[in-house]
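Colleague: In this note's numbering, the protein residues as written are -17 to 173.
Simulated from the structure, these hints should not be mistaken for lab results.
Fair warning: there could be bad hints in the mix.
Claimed, not checked - Here are the simulated lysine-lysine pairs, DSS-like style, with alpha carbons at most 25 angstroms apart:
hint	residue 1	residue 2
1	Lys124	Lys90
2	Lys147	Lys66
3	Lys124	Lys153
4	Lys122	Lys66
5	Lys146	Lys122
6	Lys27	Lys44
7	Lys75	Lys90
8	Lys66	Lys44
9	Lys66	Lys146
10	Lys90	Lys153
11	Lys147	Lys122
12	Lys124	Lys75
13	Lys27	Lys66
14	Lys90	Lys44
15	Lys153	Lys122
Being a predicted model, the structure only gives us computed values, none of them experimental.
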Amino acid sequence: MDGYLQAVQDGVDILNLSVGPNSPPTATRTTFLNPFDAALLSAVKAGVFVAQAAGNGGPFPKTLVSFSPWITTVAAGVDDRRYKNHLILGNGKLLPGLGVSPATHGNKSFSLISAADALLGSPATKYSALDCQRPELLNKRKVQGKILLCGYSFNYISGTASIKKVSQTAKSLGAAGFVVAVENSYPGTKI
């Protein structure tokens, strides 16, 4: 909060925040002033425009978690752009998908390996390994030089998983690349 107060003292015009509460207050219908909201109220009273993220629970009902009436709450938008791409499988079949990666060079081909097939340890860790967020759960010898096939999980929607982390995992394991497979029926996805 000291950072917000210092920004106001420094004369900023706008505070754009990607932070806020994780859930609505449980014990009351009225939102009481907490230190975070009080600091932002002080900023607004000083003439600073404050925008705050609506939360990461959407696009479902009752997921808005920014409550203070002096703050402009901003939700993310979705557009209809699709970056079509594909994989050519070893049997010559085309596997359509979406992505912004260029094709591999020349006539080079790579084997695909599922994160489930590269799993180290017990099957109990299977579900935590499939989204490729933790390289220590996967066998580097099996992944090296191959395209790592990862699964899309609710962790991406909740913000605890990211494509950046998949990229870091693939790189640390020596993979030639990675693919994140998303089922059309997964909540919160439109493909």
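Colleague: Any hints from earlier that this structure breaks? Give me their numbers in increasing order, please.
Modeller: 4, 6, 8, 13 and 14
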